[in-house]
Amino acid sequence: MAILEIRNLGISFGGLRAVDDFNIEVKKGCLYGLIGPNGAGKTTVFNLLTGVYKPSEGIITLDGKDITGKRTIDINHAGIARTFQNIRLFKELSVADNVKAGLHSQLRYSTMEGILRLPGYRRVEKQLQEQALELLRVFDLEGEGEVLAANLPYGKQRKLEIARALATKPKLLLLDEPAAGMNPNETQELMETIKFVREHFDMTIILIEHDMKLVSGICEELTVLNFGRVLCQGTTNEVLNNPEVIRAYLGE
Amino acid sequence: MKALKVKMKSDKNLRSNLITFGMVIGVYIIMQVLLAAGVVSSLVRGLLVPLCTYAILAVSLNLTVGILGELSLGHAGFMCIGAFTSAFFSKCMQEAIPIAALRFTIAILIGALCAGLMGLLIGIPVLRLKGDYLAIVTLAFGEIAKNVINMLYIGVDEAGLHFSTKSSLELNLSENGTVIIQGAQGITGTPNDSSFTVGIVLLLITLFVILNLIHSRDGRAIMAIRDNTIAAESIGIPITKYKLMAFSVSAAFAGMAGVLYAHNLSTLSATPKNFGYNMSIMILVFVVLGGIGNIRGSVIAAVVLTLLPELLRGLNDYRMLIYAVVLIAMMLFNWAPACIQWREKMVYRLKSRKKLTKEAE
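Those protein sequence lines, which keep their order, are chains A and B. Using the numbering used here, read the first sequence as starting at 8 and increasing by one per residue. Using the numbering used here, read the second sequence as starting at 56 and increasing by one per residue.
This is chain A alone, in the form it adopts within the complex (with noise of 0.2 Å):
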């Protein structure tokens, strides 16, 4: 069954069409990837996906519900968590208040309740630190806790995202290069992350990647763009053999 299905998708700015006729189908449980060269419309497509953009024209349909053209906000709350190719944190706060801040619709209390620490907030915040604790054991970062997001080495701040994003609950992850800037042991280890956190939690996965290794490592099926439009679609395999893909995008 699809979780995610996309019909027809376009946007244009001014007179340059970002993204044109856009169909994808992606099973529950696949992990999915997304390539081609920079500036095919890769990001377009996550930004139209998590409601940055209006899309021009299109259908969106997340587990069977029109998502198209809602608010971001809206969207997360529907389903869709995502990271950002130059990473996003809340540089200010701790590792766990920023997954803490993931956890913001699942977890409540009242405001009330928060400046005059009634037992609801007591009982809540403490929820809140196990549940994130538990996520950051799974990205290895339950040490870290109480250290500033800012003061993190590159790699665990990536990961960080991924937990900050899984926070939320989704049903449809979105993973924008998570692997730029990694040197080769450490994209390593984000594949093996990846694998857990699909099994993990049951977890469907869309991600943008440059990383050949990583893509045929881990991706079953892909979507290669070019200019906007999609060149090619199908299993990795079947992708990464197609002559016209390896023309475009990987070189002769």
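Source of the hints: derived by calculation from the structure; they are not laboratory data. Where a beta carbon is used, it is the ideal one built from N, C-alpha and C, also for glycine. Just so you know, not all the hints are guaranteed correct.
Said to hold, decoys possible - For lysine-lysine, the following DSSO-like pairs were computed, each having C-alpha atoms within a straight-line distance of at most 30 Å:
{"hint": "1", "chain 1": "A", "residue 1": "133", "chain 2": "B", "residue 2": "296"}
{"hint": "2", "chain 1": "A", "residue 1": "72", "chain 2": "B", "residue 2": "296"}
{"hint": "3", "chain 1": "A", "residue 1": "34", "chain 2": "A", "residue 2": "61"}
{"hint": "4", "chain 1": "A", "residue 1": "77", "chain 2": "B", "residue 2": "296"}
{"hint": "5", "chain 1": "A", "residue 1": "61", "chain 2": "B", "residue 2": "296"}
{"hint": "6", "chain 1": "A", "residue 1": "98", "chain 2": "B", "residue 2": "296"}
{"hint": "7", "chain 1": "B", "residue 1": "400", "chain 2": "A", "residue 2": "98"}
{"hint": "8", "chain 1": "A", "residue 1": "98", "chain 2": "B", "residue 2": "67"}
{"hint": "9", "chain 1": "B", "residue 1": "296", "chain 2": "A", "residue 2": "178"}
{"hint": "10", "chain 1": "A", "residue 1": "77", "chain 2": "B", "residue 2": "185"}
{"hint": "11", "chain 1": "A", "residue 1": "98", "chain 2": "B", "residue 2": "185"}
As the list claims (entries may be wrong) - Simulated DEER-style distance windows between Cβ atoms:
{"hint": "12", "chain 1": "B", "residue 1": "375", "chain 2": "A", "residue 2": "98", "range": "34 to 42 Å"}
{"hint": "13", "chain 1": "A", "residue 1": "84", "chain 2": "B", "residue 2": "179", "range": "21 to 29 Å"}
{"hint": "14", "chain 1": "A", "residue 1": "22", "chain 2": "B", "residue 2": "328", "range": "50 to 58 Å"}
{"hint": "15", "chain 1": "A", "residue 1": "123", "chain 2": "B", "residue 2": "380", "range": "39 to 47 Å"}
{"hint": "16", "chain 1": "A", "residue 1": "160", "chain 2": "B", "residue 2": "349", "range": "26 to 34 Å"}
{"hint": "17", "chain 1": "A", "residue 1": "117", "chain 2": "B", "residue 2": "90", "range": "39 to 47 Å"}
{"hint": "18", "chain 1": "A", "residue 1": "123", "chain 2": "B", "residue 2": "92", "range": "31 to 39 Å"}
{"hint": "19", "chain 1": "B", "residue 1": "78", "chain 2": "A", "residue 2": "154", "range": "27 to 35 Å"}
{"hint": "20", "chain 1": "B", "residue 1": "78", "chain 2": "A", "residue 2": "36", "range": "55 to 63 Å"}
{"hint": "21", "chain 1": "B", "residue 1": "73", "chain 2": "A", "residue 2": "36", "range": "49 to 57 Å"}
{"hint": "22", "chain 1": "A", "residue 1": "130", "chain 2": "B", "residue 2": "87", "range": "35 to 43 Å"}
{"hint": "23", "chain 1": "A", "residue 1": "36", "chain 2": "B", "residue 2": "179", "range": "42 to 50 Å"}
Assemble chain B onto chain A, guided by the hints.
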């Protein structure tokens, strides 16, 4: 282990909060003892309520500037609204509610509520702006608030309230009517309900609410928005709601400071000196000097910088010059990277020396 960690963190916040409260209460007790001993000059005695007022203003502005991360230069405008609405109420109700404590409590609530409401109204359009633009618009708001009150005439008689923007004669009051707000002359004869004790209580309430707000789910959301709005939105935090919450709570406490200020004076008028942009910038100086986002620092900076010019009064003409030099020196000492490094080195040396002497013993 897990439980320990939970406890450790909340303990750290709690201890830091307790230090802040302890500091304020300690100063209060010391001042009370000194007052009882009769060694406090009338100059300092007259400064006690303004000190509380400025500390509340600094703490509340820090919520906007430090926690929400938006520069507001109109804080005096909210103080002005709180001052006038509450003074108006107190003057009207002076006979109807003879119990001063009750009347003043309601006045405080009214002042804070009106300022907070104004913060909400101003915040809806203004918080779409960022940085310099927001600063300029809030600056304009502060000036408008002051000037509108300067041209307002309000009187009351048995037929009810009368408004005018021209003069007190235009109010058409009956013989028994009284003018309450008299344009640029403001409100005279406000009951003198403020006292040092009330000021300290209000400061403690401000600290309690704002510190607890910061260390709660809402505070975390507000700081997340400050650090990265786009990411905050992507994890489902409602941006507008929390921006407005921080801004209007900040405005409400500024209004409360205004109530305290108004009920400390027999004549309340809106002049550039008390509610103008000079005042707004003064409050911002307290916040910046005390440390952006550092609530305790705001209180200390407000107290030091209010006392300083008064203590330098003997130096006449050089007073403001020395004040400015001290301000620059303090700013450098607190925030220049080289000075921060030097201070850390000194602290480290002191600590290691302590350790050495302990080991020697």
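Outcome of the hint check:
no. : hint                      : verdict
1   : A:133 x B:296             : 25 Å, holds
2   : A:72 x B:296              : 26 Å, holds
3   : A:34 x A:61               : 24 Å, holds
4   : A:77 x B:296              : 18 Å, holds
5   : A:61 x B:296              : 22 Å, holds
6   : A:98 x B:296              : 22 Å, holds
7   : B:400 x A:98              : 26 Å, holds
8   : A:98 x B:67               : 20 Å, holds
9   : B:296 x A:178             : 26 Å, holds
10  : A:77 x B:185              : 24 Å, holds
11  : A:98 x B:185              : 19 Å, holds
12  : B:375 x A:98: 34 to 42 Å  : 39 Å, holds
13  : A:84 x B:179: 21 to 29 Å  : 23 Å, holds
14  : A:22 x B:328: 50 to 58 Å  : 56 Å, holds
15  : A:123 x B:380: 39 to 47 Å : 44 Å, holds
16  : A:160 x B:349: 26 to 34 Å : 27 Å, holds
17  : A:117 x B:90: 39 to 47 Å  : 41 Å, holds
18  : A:123 x B:92: 31 to 39 Å  : 38 Å, holds
19  : B:78 x A:154: 27 to 35 Å  : 28 Å, holds
20  : B:78 x A:36: 55 to 63 Å   : 56 Å, holds
21  : B:73 x A:36: 49 to 57 Å   : 50 Å, holds
22  : A:130 x B:87: 35 to 43 Å  : 39 Å, holds
23  : A:36 x B:179: 42 to 50 Å  : 44 Å, holds
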